[in-house]
Structure formats: C-alpha cells, structure tokens
Amino acid sequence: MRFPKTYGNKRPRNRYELKIKQELSEEDLGFLLAEPLYEGDNFWNDVIHSHKSTSTASKWAVRTSVTGFFPLMNHVRFEVWRETSDADKANFAAHPENFGQHTTEESLLRHNSVRTSWAGNMTGYTVTLEKRDAHPDQDRPYLDALEDFPYQSIGDMYLRDDTTIFGTLHIGLRPVKGEDFQKTNDGIEMATV
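Per the numbering used here: the sequence shown ends with 228, consecutive numbering throughout.
No lab work stands behind these hints: they were computed from the structure.
C-beta atoms are modelled at their ideal positions from N, C-alpha and C, and glycine is treated no differently.
Errors might be hidden in some of the hints.
In silico BS3-like links for lysine-lysine, alpha-carbon gap of 30 Å or less [stated by the list, open to error]:
#1 K56 with K124
#2 K54 with K124
#3 K124 with K218
#4 K212 with K124
Label-pair restraints from in silico Cβ distances [unchecked claim]:
#5 I83 with K212: 37 to 45 Å
#6 E214 with I83: 39 to 47 Å
#7 T198 with F105: 26 to 34 Å
Please model the complete structure; the sequences and the hints are all you need to start from.
Below is the structure:
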C-alpha cells in the first residue's frame, strides 16, 4: 500500500488521504512511515545539535492565537473537553501534517505523542503538558508570559529518542467578551506559543 505524502501545513489532497490517516491504526501508520520517520529524526537531530546553544537568547517564541464563539461552549467547558479523547480526534483531523496522535492522562500531566511533518521532514515527538496554571519560568524566559490567560499548559517537546528537546509548547486559554467582537455570546481565545 502506498501512503500519500503531505508536507507542511497543506490540507489533505483529497478526502481519501484524511480517511486513510484516520482509519489506519497507530501500528499500521508506524509501519508505513518507518523510513521517513527515521530519516526525519536524523535530520532534526542534526539540525538541533549543529545549532545547539545553552543560551536561552538563541531561542525565541512564535505566538499564534484563535478566537471562537460557540453557543454552548465556554472556556471552562472547552478546557474540560480538551482532556477527552474527542479532542485528540478533532486535533488529528484538523492537522493534516500529523500522522499519529495519542494522549494519556496522569494526575496533573497530559502526555502527547505525535507523528508529524515539519518543514518537509517527518518526525515524532512527545510532550508532557502540565495541566495547571503553568507560566514560563527562568528556564524558559523566551516564552511569552500570557499573563491574562487563566488556564495554561506548558511542556518541552522531545524527539523520539527522548533526549533531544525539539521545542517547547505553551498553550493559554481565556474567556473573551462577545460584545468586544460584535457577538451575542462570549467566546474563547486560545494562544499557542
């Protein structure tokens, strides 16, 4: 079986690519993607280690945010939903660059394992997000504080060798007033750094 390629943030080429991605098991996807994952892991390890610096000045934050208004959803309900298996399914379908995603919960931690394509190279990474009021600390001064976001998760992203930090994921969630956006109901803003 030939698996169609998707690189970067391109949408699936057709509905069948998305269907294949969703219908195959994690094991089958891992088998089909073994060679590009191995090559991608080597590529990202080379990139990271050739530019390795202990200085946080060599790191920077990229921030994006989205605001949504849903009749039956507020920021608290959304945060609860994010911790369900339905959130994994929605994330998986919404990110064509991802070819595997699995989340497990443990106390105040959320462990995510993702197979993805970044900059045309497949790789896998894991991230353990602290499910609490997590804010950047002296180890991560390059991250935006997101001070006005009451719900935050933060964690380092490790390549599949579990030794190489691929990046840091910082998610913030806050309520927004609908009237500020000419909406009848309040909404949610989610920022990712």
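Structure-based check of each hint:
no.	hint	in the structure
1	K56 with K124	11 Å, holds
2	K54 with K124	12 Å, holds
3	K124 with K218	28 Å, holds
4	K212 with K124	28 Å, holds
5	I83 with K212: 37 to 45 Å	42 Å, holds
6	E214 with I83: 39 to 47 Å	45 Å, holds
7	T198 with F105: 26 to 34 Å	40 Å, violated
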